[in-house]
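Asks: Next come the chains, spelled out residue by residue.
Protein chains: 2
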Amino acid sequence: MTIKTGPTMAEIAQEAGVAISTVSKVLNGHTDVAAKTRETIEKLMSERGYQRPRAAKNGRRRRNDLVDLVINELDSVWGLSILTGVEEVVEEAGLALVVSAVHNRQSLTRRWVESLLARGSEGAILVLSELAERQHDDLTRRNLPFVIVDAVNQPPPGTPAIGATNFAGGYSAAEHLAALGHRRIAAIGGHEQFQCTRARIAGYRAALESAGLPVDRRLIRYGNFHHDGGLIAAQSLLELPDPPTAIFAGSDQQATGVYEAVRRAGLTIPGDISVVGFDDLNFAQWTAPPLTTVRQPLHEMGVVAARTLLRIVNGERLESTRIELATDLVVRESTAPPRAH
Amino acid sequence: MTIKTGPTMAEIAQEAGVAISTVSKVLNGHTDVAAKTRETIEKLMSERGYQRPRAAKNGRRRRNDLVDLVINELDSVWGLSILTGVEEVVEEAGLALVVSAVHNRQSLTRRWVESLLARGSEGAILVLSELAERQHDDLTRRNLPFVIVDAVNQPPPGTPAIGATNFAGGYSAAEHLAALGHRRIAAIGGHEQFQCTRARIAGYRAALESAGLPVDRRLIRYGNFHHDGGLIAAQSLLELPDPPTAIFAGSDQQATGVYEAVRRAGLTIPGDISVVGFDDLNFAQWTAPPLTTVRQPLHEMGVVAARTLLRIVNGERLESTRIELATDLVVRESTAPPRAH
Chain L
1 MTIKTGPTMA EIAQEAGVAI STVSKVLNGH TDVAAKTRET IEKLMSERGY QRPRAAKNGR
61 RRRNDLVDLV INELDSVWGL SILTGVEEVV EEAGLALVVS AVHNRQSLTR RWVESLLARG
121 SEGAILVLSE LAERQHDDLT RRNLPFVIVD AVNQPPPGTP AIGATNFAGG YSAAEHLAAL
181 GHRRIAAIGG HEQFQCTRAR IAGYRAALES AGLPVDRRLI RYGNFHHDGG LIAAQSLLEL
241 PDPPTAIFAG SDQQATGVYE AVRRAGLTIP GDISVVGFDD LNFAQWTAPP LTTVRQPLHE
301 MGVVAARTLL RIVNGERLES TRIELATDLV VRESTAPPRA H
Chain E
1 MTIKTGPTMA EIAQEAGVAI STVSKVLNGH TDVAAKTRET IEKLMSERGY QRPRAAKNGR
61 RRRNDLVDLV INELDSVWGL SILTGVEEVV EEAGLALVVS AVHNRQSLTR RWVESLLARG
121 SEGAILVLSE LAERQHDDLT RRNLPFVIVD AVNQPPPGTP AIGATNFAGG YSAAEHLAAL
181 GHRRIAAIGG HEQFQCTRAR IAGYRAALES AGLPVDRRLI RYGNFHHDGG LIAAQSLLEL
241 PDPPTAIFAG SDQQATGVYE AVRRAGLTIP GDISVVGFDD LNFAQWTAPP LTTVRQPLHE
301 MGVVAARTLL RIVNGERLES TRIELATDLV VRESTAPPRA H
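Heads up: the protein sequence lines correspond to chains L and E, in order.
The numbers in the first sequence follow this note's numbering, run straight up by one, and end at 341.
The numbers in the second sequence follow this note's numbering, run straight up by one, and end at 341.
One thing to keep in mind: the hints can contain errors.
Have a look at the derived ranges for each label pair, beta carbon to beta carbon [to be verified]:
hint: 1; chain 1: E; residue 1: A118; chain 2: L; residue 2: L267; range: 25 to 35 angstroms
hint: 2; chain 1: E; residue 1: A35; chain 2: L; residue 2: S46; range: 14 to 24 angstroms
hint: 3; chain 1: E; residue 1: E300; chain 2: L; residue 2: E11; range: 50 to 60 angstroms
hint: 4; chain 1: E; residue 1: E114; chain 2: L; residue 2: L325; range: 31 to 41 angstroms
hint: 5; chain 1: E; residue 1: D137; chain 2: L; residue 2: S46; range: 31 to 41 angstroms
hint: 6; chain 1: E; residue 1: R263; chain 2: L; residue 2: E209; range: 33 to 43 angstroms
hint: 7; chain 1: E; residue 1: R218; chain 2: L; residue 2: S236; range: 47 to 57 angstroms
hint: 8; chain 1: E; residue 1: L267; chain 2: L; residue 2: A118; range: 52 to 62 angstroms
hint: 9; chain 1: E; residue 1: G212; chain 2: L; residue 2: P241; range: 52 to 62 angstroms
hint: 10; chain 1: E; residue 1: P156; chain 2: L; residue 2: E47; range: 51 to 61 angstroms
hint: 11; chain 1: L; residue 1: Q193; chain 2: E; residue 2: R218; range: 29 to 39 angstroms
hint: 12; chain 1: E; residue 1: V215; chain 2: L; residue 2: L325; range: 44 to 54 angstroms
If you're looking for bench data, these hints aren't it; they were derived computationally from the structure.
Idealized CB from N, CA, C, for every residue including glycine.
Build out the structure end to end from the sequences listed, making use of the hints.
Replies: Next up, the structure:
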């Protein structure tokens, strides 16, 4: 996201054979431009590397000092923690934060990009977004700054993205369990395609290998990040002829599902089964027993995402478009050495 | 919040001895008006019942299709649940939701009202706000529609406010515990001055009286709504010479603190102590044992608050400015008959 020099609006207009006002309309998200004309203009702006001038932004374009946070679902403290970090920085900068939930991926449509432009948003922070190429192009083409937090897919090169050290987090969880003496350690991830899941499972495998433990594919499960995802996966793990003595869950919410599966099976934590979560949401310290988990600095990820976005908005050059914040293993009471056989 | 007919901007300007543009500046939150002039104009608008005309609103005033949600702290699923309800309605209405956390009550200053006006907000939803008279006047004077959710203080008459049936909730919790055979039932509230606390404790007392149980003031405690508020109050309750056999906590987060106090005392739930929470946040079903709690329809409160705000914005007449949504007792596994002595 470096500062480029590109053609002017007039040059784009001339090349497209339209009035400058038409180019301006497309740039500012007005809808009264024929689809074909819009496409031509956007294609040209994209090809020629058109850069929205700051002067025009401060002048004709309405500036409403708004920043957008787009989140997949507002249904967990997970997103809330990121939101608090973003809010803190945005408020300090004297801007206001518009929050919207995408609810499902389909909603991240062109209409959404248009509405951001129409209300004069300075830029957007996208949380756990499966940013399809089409949307990425839409945002880039309109030169609307954006930052991705915890990207689901590998974002295209040059896309500013903030995440956590998921590989190191998965490694530390499995390393901790192996050090306690566990030899059959299971892992539950989120959806198999999620970037964060891949990195965590890779870290888990690496730790097992370092500890000289075999990797048993039957002990690796995938599910949603919620309570039921953990419950279903753990139930199936506990029904194995040679069940694990430890389970590394993909999220704290999944870990609560693992707790329930263990309880339903008439087993205890950590007596029969050790459990490690991921995230360190506030309730992790209140579960019974308190949950050992990999702390993900969600609030700080929100802070860094917002600061990065504001730097882009201000035309600053980023040293790196990818930032991974460190995870930490927080050892509580849900992990212990395995029962001696 | 009925439709009033009042003086025009020109009449206010004439009476104040200023230009119409000065009145307009005050209305729209511009800061380049002398404090004394602003005061005079505001006082006149307030006294004469000046109503911001819809025409002017659609015309000269910038409309950005924004609605503001102002929340005390974004630190719990409690606020998140309200937020999801508000977001749903605001999004359906094609508006965008600006979210800000007040962090502390002092921030709800005039500058905040100015910034709402400056960005052309349609109105505001205030969650758990101690709306001081001064701020109430500021909002009313500028005719900026607002709705209060779960007001801390009794809002002034005519102020649209959405809440839950806290009295009935407190009643149902204590009634449930009394019906199980408990005779020493404690209650923990939030801050003693909070309206919701007062109503819940009143409901609890009424249920004890209906059940023919004495009200022991030593069994009524107050604390913050968080984990530590419940922990501190429960520890002190369990140290009483004649401790309670049941504790009705003021929130689910407080209940997790009660769980910890019971655990630290070497007691079990519900064997030694029955516990009832309040809210039914998502984690209530995952605590060990799952928490019996009074469900507060937080999402629905957000929905109703947003719908009410939009009705006011559209100039509709409200049948009632106060709406209380029903609470429900959700019985899980943290309550049981007391151990026979």
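Asks: Now look at each hint and say whether the structure bears it out.
Replies: Each hint, compared with the structure:
no. : hint                                : verdict
1   : A118/E - L267/L: 25 to 35 angstroms : 59 angstroms, violated
2   : A35/E - S46/L: 14 to 24 angstroms   : 50 angstroms, violated
3   : E300/E - E11/L: 50 to 60 angstroms  : 54 angstroms, holds
4   : E114/E - L325/L: 31 to 41 angstroms : 35 angstroms, holds
5   : D137/E - S46/L: 31 to 41 angstroms  : 52 angstroms, violated
6   : R263/E - E209/L: 33 to 43 angstroms : 38 angstroms, holds
7   : R218/E - S236/L: 47 to 57 angstroms : 50 angstroms, holds
8   : L267/E - A118/L: 52 to 62 angstroms : 59 angstroms, holds
9   : G212/E - P241/L: 52 to 62 angstroms : 58 angstroms, holds
10  : P156/E - E47/L: 51 to 61 angstroms  : 60 angstroms, holds
11  : Q193/L - R218/E: 29 to 39 angstroms : 57 angstroms, violated
12  : V215/E - L325/L: 44 to 54 angstroms : 52 angstroms, holds
The structure fails to meet hints 1, 2, 5, 11 from the earlier list, while all remaining hints are met.
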